[in-house]
Amino acid sequence: MEVIDVVENDASVGDKEVVKSLPALKHNIQNHRSLNEQIVDEPKTMSTSNKESQVVAESYSADERLIQSLNEIRDAAIELRKAYISSNPNLINGVSTIPDGSYGLEITAGIIGAIIAAVAVFTSNNIYFSRVNRHNKKPHYASIALKLLENFEGLVTEYWMTERILDKRRKDENSNDMKLQEIRIKSEFVVLRKSVDTFCELLSKNNEKRDKDNLLVNIGTLYDVALGGEFESDNKKVDVNTTQKLSRLIANLKFLLIKYSQQVK
Amino acid sequence: MRTLYIGKDFSDDPSGRFYTDGDGSGEEFREEILRPIIASGKKFKLNIDENVEGYGSSFLVEAFGGLIKFGYFTKAQVEDSFDIDYDDLDFEFYEKKINQYINEALYNSQKYVSTKDEAIAEGRYKELIDKTFVEEFCKG
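Residue numbers (numbering that gives the first Met the number 0), protein chains in the order written: chain G, 0 to 264; chain U, 0 to 139.
Calculated from the structure, these hints are not laboratory results.
It is possible that some hints are incorrect.
[What the hints assert, rightly or not] Between beta-carbon pairs, the in silico distance windows are:
1. K42(U) x H139(G): 39 to 47 Å
2. E78(U) x M160(G): 36 to 44 Å
3. S186(G) x K7(U): 38 to 46 Å
4. S123(G) x E78(U): 35 to 43 Å
5. D171(G) x D82(U): 45 to 53 Å
6. K7(U) x V189(G): 19 to 27 Å
7. D82(U) x D166(G): 14 to 22 Å
8. S186(G) x E126(U): 25 to 33 Å
9. K208(G) x K7(U): 17 to 25 Å
10. H139(G) x K44(U): 33 to 41 Å
11. E126(U) x M160(G): 31 to 39 Å
12. S129(G) x T73(U): 47 to 55 Å
13. N50(U) x T122(G): 46 to 54 Å
14. V189(G) x K44(U): 19 to 27 Å
Keep in mind it's a predicted model, so treat the numbers as computed, not measured.
Every residue gets a Cβ at the ideal spot worked out from N, C-alpha and C, and that includes glycine.
Excised from the complex, chain U in its bound form:
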């Protein structure tokens, strides 16, 4: 089973909710990393503690709750697609929070409107994160 490292493959400072909040937001992680990998149907490990100091609630809610809220996947599909992995026991709290946000999200309860174009136009989102690994990751 392959492992996706948030801190190494995405950002060492995952923060903010939308593209408009800058690079490394929850919206960016969901739309360009999680969604295509889960859609590939291959189960993976999601490491949450390597090279990361912590997460804001805004990032986690948008990244994980949004998968269900915008109707991409059901709760069961999301829960079955990855296992959360960490060595630092302090991150048990974030694991619980991720599971909480997945469980509390109402399936397809909101229509997704991307903030990417607006963020690029305003110069807030600079596409600094290399995501070429995602295609490779999906192939397994």
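In isolation and in its complexed conformation, chain G is listed as follows:
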């Protein structure tokens, strides 16, 4: 039994607070003892560790020698490569240039490649623009026909809303003006009909056939109405009915032509 155990057993009730702290004190003393034992045993441990260090040092020394040897071999190899390359210019030329006889092949391949590229670009451009041109032919002729139709509309509506006055005593006598209008209507109709015919020749697709037939029928009817009835008659009066018919026919023709008048750019 140690001193601490005696104090603990013999302590009075008033000393109970001191007694509570005794286990901690006891634990500290045991730790000190353990440390003292280690201090006593240290020389033995140190002796063992010196031996291990000696072995490690020896092994390090062997590695260093090995590394040094390898470095020396590497330096020697570099020197040897330098010497070999500098003494063989043919090898340098051979490595850095194209072999003799390859120039022709290289040039030919380049030219053929360029030609193929040029032909490809030309062909694709050609196909593209021929498609655009073919597509734009219709809008072109449709636009021309529309302009001619508008001009014709002005001529015929004015003509059919005018009475022919043959009496030369009257101030509003207009036989010459009317004759001039009739000549212009006949010639303008020929131009209009030809432009519509030319446009119709471009309508070859199945879905365009109906429009083509309508255009040709309407242009024929336009001729019957605009240049029929009392056309060129000395008795020609103001004819509102014929003017209305003409306006309706021309509107139908315009509608058909406008469908095709939009250009692709």
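Since the structure of chain G is provided, determine the placement of chain U on it from the hints.
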């Protein structure tokens, strides 16, 4: 086969429907040229483009449709009596129109009343066109 030239034998400006519309009308061409020649029974060529710029519908309807409408000939008789001739392809349109007016005309559907006397009286028709060739033409 003999050829009748509208532009040279009749008028270089064939226009108008009736005699009252002046010389060179459809009525005049039908009554004094076409009708006697077709009636002769000799087939002929009818040239429509030489010396002519074009035709109004009023002239063509009266000249060709009138042959059937007033009962002078049937459609078949008219179609068999002449061949339409032209060099200018633009006149293909007028050929089609002539055939259309012949086909659309109703045989003997209207009684003919001449406007010649009225036109002469009013001074609108002056008988300027020489038609003496017609008799010669009919003889072949």
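Against the structure, the hints:
Distance hint check: the CB atoms of K42(U) and H139(G) are about 45 Å apart, consistent with the given range 39 to 47 Å. Between E78(U) and M160(G) the beta carbons are some 38 Å apart, a value that agrees with the proposed interval 36 to 44 Å. The beta-carbon spacing between S186(G) and K7(U), approximately 21 Å, falls outside the hinted interval of 38 to 46 Å. Range check, S123(G) to E78(U): Cβ separation about 56 Å, and the 35 to 43 Å hint is violated.
At roughly 46 Å, the beta-carbon separation of D171(G) and D82(U) lies within the given 45 to 53 Å, and the hint holds. Distance hint check: the CB atoms of K7(U) and V189(G) are about 20 Å apart, consistent with the given range 19 to 27 Å. As the Cβ distance of D82(U) to D166(G) is approximately 44 Å, the hint placing it in 14 to 22 Å is violated. Between S186(G) and E126(U) the C-beta distance comes to about 28 Å, which sits within the given range of 25 to 33 Å.
Restraint check, K208(G) to K7(U): a C-beta distance of roughly 40 Å breaks the suggested window 17 to 25 Å. At roughly 39 Å, the beta carbons of H139(G) and K44(U) sit within the given window of 33 to 41 Å. Between E126(U) and M160(G) the beta carbon distance is about 33 Å. The supplied range of 31 to 39 Å therefore holds. For the hinted restraint 47 to 55 Å between S129(G) and T73(U), the CB-CB distance of approximately 53 Å keeps it satisfied.
About 52 Å separates the C-beta atoms of N50(U) and T122(G), a value consistent with the hinted range of 46 to 54 Å. Between V189(G) and K44(U) the C-beta distance comes to about 23 Å, which sits within the given range of 19 to 27 Å.
This entry does not satisfy hints 3, 4, 7, 9, going by the numbered hints stated previously.
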